[in-house]
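In the order they appear, the protein sequences are chains A and B.
Read in order, the letters of the first sequence are residues 1 to 259 in full-length UniProt numbering.
Read in order, the letters of the second sequence are residues 1 to 130 in full-length UniProt numbering.
Be aware that a few hints might be false.
Computed list of lysine-lysine pairs in DSS-like fashion (alpha-carbon distance at most 30 Å, straight line) [stated by the list, open to error]:
id, chain 1, residue 1, chain 2, residue 2
1, A, Lys189, A, Lys152
2, A, Lys239, B, Lys104
3, B, Lys99, A, Lys251
4, A, Lys67, A, Lys49
5, B, Lys99, A, Lys49
6, A, Lys155, A, Lys140
7, A, Lys140, A, Lys211
8, A, Lys249, B, Lys104
9, A, Lys249, B, Lys99
10, A, Lys140, B, Lys99
11, A, Lys211, A, Lys239
12, A, Lys249, A, Lys211
13, A, Lys140, A, Lys14
14, A, Lys189, A, Lys239
15, B, Lys99, A, Lys239
16, B, Lys99, A, Lys189
17, B, Lys99, A, Lys211
18, A, Lys140, A, Lys251
19, A, Lys152, A, Lys67
It is worth saying that the hints were derived from the structure and are not from the lab.
Just so it is clear, the structure is predicted and the values come from calculations on it, not from any experiment.
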Amino acid sequence: MVELTLPRGSQPTKGKTWPKPDGARNVRTFRVYRYDPESGNPPSWDTYKVDLDDCGPMVLDAILWIKNNVDATLAFRRSCREGVCGSCSMNIGGRNTIACTSGIDEYDGTITISPLPHQPVVRDLVPDLTQFYAQHAAIKPYLQTDTPAPEKEWKQSPEERAELDGAYECIMCASCSTACPSYWWNGDKYLGPAALLQSYRWLADSRDEAKGERLDELDDPFKLYRCHTIMNCAQVCPKGLNPAEAIGKIKGMLVERES
Amino acid sequence: MASDWSDPRPMSPHLQVWRWHATMASSILHRATGIGNYIGAVAIAVWLVLLAFGAEGSIAFLFEGWMAWVTRFGLILLTYSVSYHWLNGLRHLFWDFGKGFDPKGSNFRSMAIMFVAIIPTAALWLGFGS
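If we strip away everything but chain A, and leave its shape as in the complex, we get (with noise of 0.2 Å):
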């Protein structure tokens, strides 16, 4: 359902502005969305001033510097810090990314930081990620046979293999998902970009026997049917990937198919 405000409680309030560094002359400031369970408080957003001179380039080098030097308690996701994992994926500028990938020269001025859009907050800028894993799951994002197993692999010549580029990259940031409109207002229903990208990736794949299962299960006014081609996936994508486009083959498959 369309809700344009925050509901009651997840407004966040104004928070604690923390001091400048000593000795720094080369400071940045970070607005960072905060959220304890604990203290029965509402959100808020707190004010960090990071020593660029101390500090590494990226929007990631940036939270960890809070991190170690003024506030402990702040609490994010990151493993790889090299755009493969995923797990950095927040809400920076207004725009959701993977913070390792980010640069702070990228941005101007104060750089705000908030969780993944539209999602129940666990703590600070960690959501909730459950649904959109449930989702993924959903789509059977898995080679599925009826013919026996070959003796050794299952073959696909490279022109068949091209037909995967830009489909199988994908590193379940959930960026794309939680930018879309769409996914914001039905994402109880409708399954979201990296979702419909990842069941194009299967629909694509020459090996895959269940495109006809595959399609039944997406022929649905919400599931496929809710996005409107509002583009945020493809805008925000930090690898650079296309679900808009997929889902848009998705449907021209559906429509085939009926012809």
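Given the coordinates of chain A, assemble chain B onto it according to the supplied hints.
What follows is chain B alone, placed relative to chain A:
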């Protein structure tokens, strides 16, 4: 509006923090102009029915004094609404053929359509004015 958010945890900010791309603006404008066209079509149909029954005098006030300007402004908006919705509809047609999904080009086309829709609007109304 009562919220249907039943989770005890807060909902993370969405529209409150989002920095819009042109495609997001053109998408919501497509829906807004669609609603506008719907209302406009009903209004024009009512006007035609009144004309058919020779009862257009009952809405004569819409074309008198300052109301005439309000009516004219509404009709100009409706012209823009139809122009925009038609042009962006063409674009949806291209999308349905699997073309034009690149983010940069999409942003450009979103802006272009918003501006280009002014041309038929202006042509029609400046033509009327002469």
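Against the 30 Å threshold, does the CA-CA distance of Lys99 (chain B) and Lys189 (chain A) hold or violate the hint? The hint holds at about 27 Å.
Pair hint outcome, Lys140 (chain A) versus Lys251 (chain A) [Cα-Cα no greater than 30 Å]: Holds. Lys140 (chain A) to Lys251 (chain A) sits at ~18 Å (cutoff 30 Å).
Between Lys67 (chain A) and Lys49 (chain A), is the straight-line Cα distance small enough, at 30 Å or below? Roughly 12 Å separates the two Cα atoms, so the pair holds.
What's the verdict on Lys140 (chain A) and Lys211 (chain A), does the C-alpha distance respect the 30 Å limit or exceed it? Status holds; Cα separation ~11 Å.
Satisfaction of hint between Lys211 (chain A) and Lys99 (chain B), Cα-Cα up to 30 Å: This hinted pair holds, its Cα atoms lying about 23 Å apart.
Measure nothing beyond the straight line between the CA atoms of Lys239 (chain A) and Lys104 (chain B); if it is 30 Å or shorter, mark the hint as holding. The hint holds at about 15 Å.
Hinted pair, alpha-carbon criterion (30 Å max): Lys249 (chain A), Lys104 (chain B). Please report holds or violated. Between Lys249 (chain A) and Lys104 (chain B) the Cα gap is close to 19 Å, so the pair holds against 30 Å.
Lys99 (chain B) and Lys239 (chain A): Cα distance at most 30 Å? Status holds; Cα separation ~21 Å.
Below or equal to 30 Å on CA atoms is what counts here, so check Lys211 (chain A) against Lys239 (chain A). holds (26 Å)
Would the hint linking Lys249 (chain A) and Lys211 (chain A) be met if the CA-CA limit is 30 Å? holds (13 Å)
Need the status of pair Lys152 (chain A), Lys67 (chain A): alpha-carbon distance at most 30 Å? Given pair Lys152 (chain A), Lys67 (chain A) is violated - Cα atoms ~50 Å apart, limit 30 Å.
Holds or violated: Lys99 (chain B) and Lys49 (chain A), Cα atoms, limit 30 Å. violated (45 Å)
Violated hints, listed in ascending order, are 1, 5, 13 and 19; each of the other numbered hints is respected by the structure.
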